[in-house]
Amino acid sequence: MTDPGVLPAQVGTGRKFFMNHPVTADSHTLAAYRARGGYQALAKVLGTGISPTDVTKEVSASGLLGHGGAAFPAGRKWGVVKLTDGEPHYVCMNADEGEPGTFKDRWLLEQVPHMCLEGLILASYALMGRHAFIYIRGEFDLPWRRMRDAIEEAYAAGLLGERILGSDFSLDVVLYRGAGSYVCGEASAMLASLEGKKGWPRNRPPRLTVKGLYQKPTVVNNVETLANIPVIVGEGAEAFRTVGTAKSPGTQMISISGHIARPGVYEVEYGYSWEKFLYEDCGGIQGGRALKCVIPGGVSTKVLDPTQLAGRTLDHASALAAGSQLGSGGMIAVAEGTCMVRLARVIQRFYHHESCGQCTPCREGMGWMERILDRIVRGEGRPEDIDRLYHISAANDGTTICSLGDSAGYACSAILDHYRHEFEHYITHGRSMHDGALTVEDPFAESLARWHAAHPGALAPSLAAGAHA
Amino acid sequence: MSALAHLLPEFEGWKARYPAGFEGSLTIPCLQRIQEVHGWVSDAHIDALVDYLGVPRTQVDEVLGFYTMLRREPIGRHHLQVCHNVSCTLRGAEGLLAHLCLRLGVAPGETTPDGRFTLSTVECLASCGTAPMLMVNAAYHENLTPASVDALLEALP
Amino acid sequence: MSDRKTLDFFLNGVPAVAYAGETVIQAARRAGVDIPHFCWHPQLSVPGNCRICMVEVEQDDGEPWFDIGCNMPVTAGMRVLTESDTVRKLRRDTMQFITLNHPVDCGICNKSGECTLQDYHYEHNGRKSLSLDTKNHATKFYPLTDRILLDNERCIMCTRCVRFTHEVSQSKALAAVQRGDQALIRPAEGADFGADAYSDNVIDICPVGALLARKDLANARVWYTEATPSVCPGCARGCTVELWHRKADWKLTALDPALNQRLERVTPRDTPEVNGPWVCNKARDLAGIFERPRVTQATVAGHPVPVAEAVAIAAERLAGARAAVVLVSSWGSNEELAAFRAAFGGRLGATVRAWVKADHQPLPGEVVEDALLIVADKNPNRRGALAHVPAWDGTMPADADVVVVWGEGVPASALPAGPFVIRLGAYADPVNAADHAAADLVLPVSIQTERDGHYTNVDGVVSGFRGYRAPPPGVLHAEALFGAWAPVLAAPAAAGAGA
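Chains as they are written, first to last, in this note's numbering: chain A, 1 to 469; chain B, 1 to 157; chain C, 1 to 499.
So that you can see chain A by itself, here it is in the shape it has in the complex (with noise of 0.2 Å):
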């Protein structure tokens, strides 16, 4: 297992909240937070009398935008919820973690668990809460314990149950572990799998924070952004928004993976340059190789080429000016000589399986993209076929319950922009245009080979139509 107190490589990328200190084997516990000035947001809070709607004009003041993909102002989410119409009122952390690309928020949760709950219970404070949940993904083991371990820390401080550090507050937490669901991750499929439900997403109106969990107002907030609470109640908005940029205050974990020569978790100032993020921080790609492209936030947001990236900085302006988004922070980087169509191929497959099966255009148009995906990977495409993965993802933007189908089209269909040669190739073909490439370094190379020796003309196992089991 990988040691958890590994740090990638933390060069020059700004101003840090979470990655300003060393990691080591007990720096995630109350007693090593506490010495790095943790709980101090929330005794300030509780000590000083701030007022719950102080807290969110706070929160409000500081830009905080969410960090969960959609990058919604947070403050703005919270200001939405009446105090006072008598209802309880729950904070839920969404620490379910699904989207490919992303484990930000496991190095948060693994790493920095106090700073999360402290979030957490901030903003329970600031939205009258008396109950907050942590939805946290069921495979994950690690940031599960920790975690757990530092609720009960929490509560044996007095950091938490009744009457925090002797005030007028009082707040349990649920730690709640999801049993494997992609679709989990949107707010309301998460409320209806806490309430022991089917991970079904729900329609809007009425919004969440009007009719959440159990039909009362609730806000759920991703892990990085509730780990932000204690930096701008501590440190104040003003402070606070001199980190990033104008639009996009404070700093973005960001987790990169695939062909790129140091993957990991980094904390980025907003602002900061992403070719020298990329090139230099990150190292370039493997083996020396040139980039092809960049998923830059997911693999639900548009790919991204060198060109694109050209002068561009990590912020969600500029990641949208450059025509996608910053989404989750979660980078992949693929390496020239990949083949885009088996990638394409590799990312259907997964909305495939993660469609929940509820609306109509998701329900059919992922295995419908999917199969002919698959098609064109066994070298039976149809020239048709690259219109008709343009029609389906346009048939599914904007009009599903959730935005699950609407990421898959925006994944496939800026690849096909980009990429369209490649499906050409392999249509006409019938092979592709790459040798079906997907990796640079592949440890497992040797095996593959073998596996191809042993079944000839066959696609590799994890191709395989239909290989989930």
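Hints are computed from structural coordinates only; laboratory data are not their basis.
Glycine residues also receive a C-beta, built at the ideal position from the N, C-alpha and C atoms.
Here are the computed lysine-lysine pairs in the DSS-like style, where the Cα-Cα straight-line distance is at most 30 Å:
no., chain 1, residue 1, chain 2, residue 2
1, A, LYS247, A, LYS44
2, A, LYS216, B, LYS15
3, A, LYS211, C, LYS5
4, A, LYS57, A, LYS16
5, A, LYS44, A, LYS82
6, C, LYS140, C, LYS128
7, A, LYS276, A, LYS247
8, B, LYS15, A, LYS211
9, B, LYS15, C, LYS172
10, A, LYS216, C, LYS172
11, A, LYS247, A, LYS57
12, C, LYS172, A, LYS211
Label-pair restraints from in silico Cβ distances:
no., chain 1, residue 1, chain 2, residue 2, range
13, A, GLU424, B, ARG72, 43 to 49 Å
14, B, ARG72, C, GLN261, 46 to 52 Å
15, B, ARG72, C, GLY62, 49 to 55 Å
16, A, ASP141, B, ARG116, 19 to 25 Å
17, C, SER45, A, GLY47, 44 to 50 Å
18, B, ARG72, A, HIS429, 42 to 48 Å
19, A, PRO88, B, ALA147, 51 to 57 Å
20, B, ARG116, C, PRO364, 54 to 60 Å
Given chain A, work out where chains B and C should sit, using these hints.
For chains B and C alone, coordinates are given in the frame of chain A:
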């Protein structure tokens, strides 16, 4: 006698941190615990859980069919789950899966005849920066190489 | 309704009015614009999963936005377009998705001809499938209950049936399990959908041919049949129904001509103040009541006689009776009851005592009473009959000299040996046949499917039914029978009494 009698005290303890009226929420945690203890969820467990929580049977059926981690039948002693999403694929997941298929003599979805291993493919486990990776039961094994996978499998009972 | 707050908005450019809280689909419906929908049902919750009801909302500044009409509250001044080019395109795309894995086996599907998917295909798509790939396969003819089959390939996962069992019938027997394009409807493993007394409603609300009544399977194409409005006599709720039977111009000549008369199926007729759009399974099985063997021969002392003769003998007996008893049917129509009242007129309470009896009692295994529709009184018009005569306490006066039993429910064993027993009977099933054999005089009368009439239900709501077939030869309408008796009974009672 309820098939869950031995777990009920634990379930009761969980209720304390939930707001009143949230009994239905325990459906998933209870099923997870049942599976952790018994390896899979049987009809008798479901009947007992429906009785205990007072949730409709349909809710339990839907949950069991929806979430990939919950099982209605037993599997091998060690569940090998290979992530074959984008980042892992770019780092050798195809070869890792091929390696396991060759070594174990099974295809994804199958269990070795000795009941020792069940091989599965899964989607992104947020281990992209340490790909290729393999989940063995609850534990992540990352940055795998043929040698490290072989050593790992040999060390498993 | 009138005191509800209203909002003005525009529907396809035309001013329209919505009640506050109404969704676009509801307000449009009242305005006569039917926005296509599969999953939305006026009586069920709004899942918004089929996506066919997408509408366009024009914006003052910037791009229009699109969302589903079933979940969109009307706001004041909103400008909704239901037939714009983009909306039509969205519908076409949605139809492509919905039919992607649908087998399109209309040729062998019972729903064909009244299938929303079929209708919408012609109205909103009209193209062949754009897919080149094989369709997903799923379970065919899954035995949901001993009454209902489920074809998962035809299912479009609208979840109406699931919601019906959770929100209306409360059996919570159906679930949507698995996910993605493998998602499918299944009964809960422990719950018995067969015990749901309202189960067959899911067949009606299924917008496609996924839920099928076993008894109707491959019975009759819907376009060969037509519906006659009727009232279910199964209990005093008097649910309004449609009785489906073969159209006159589609007669079967090669097969048994009786098939031309057969009651093919029963569906609910939506009447908000009675049953809404639902009926219980008893209504579905009305053929079991209406299609019992019939009495077609008038008899006196067990011997066949011409019906007119039997009518005259009965009239004479009644006119001459000193202490006649009439047990009035709670299955008689309001028209028949009025004719009865008119015929017996002044004799009621004098030489004739009349009481309302229960023709039917709950059957073994039948749901006696519930919170939704079913009421304990298993007779459709007891309330209508009680408007004329009081209820029978089950006893027979010792001095009774003539007893008229109109309808069913009073066996021969319950009658004293002395009086002259006249039965107005319709059915010759074994129980009734034995009772008729013991009667002194039997007059065959018509049944509900053979005449028009009205029933007054348990709440006092009057619902009408129409006949769709002629009574068998030799069978009288009770209304006509009472009409024939009227002049005889109108003569002074003493004239006969002295004889």
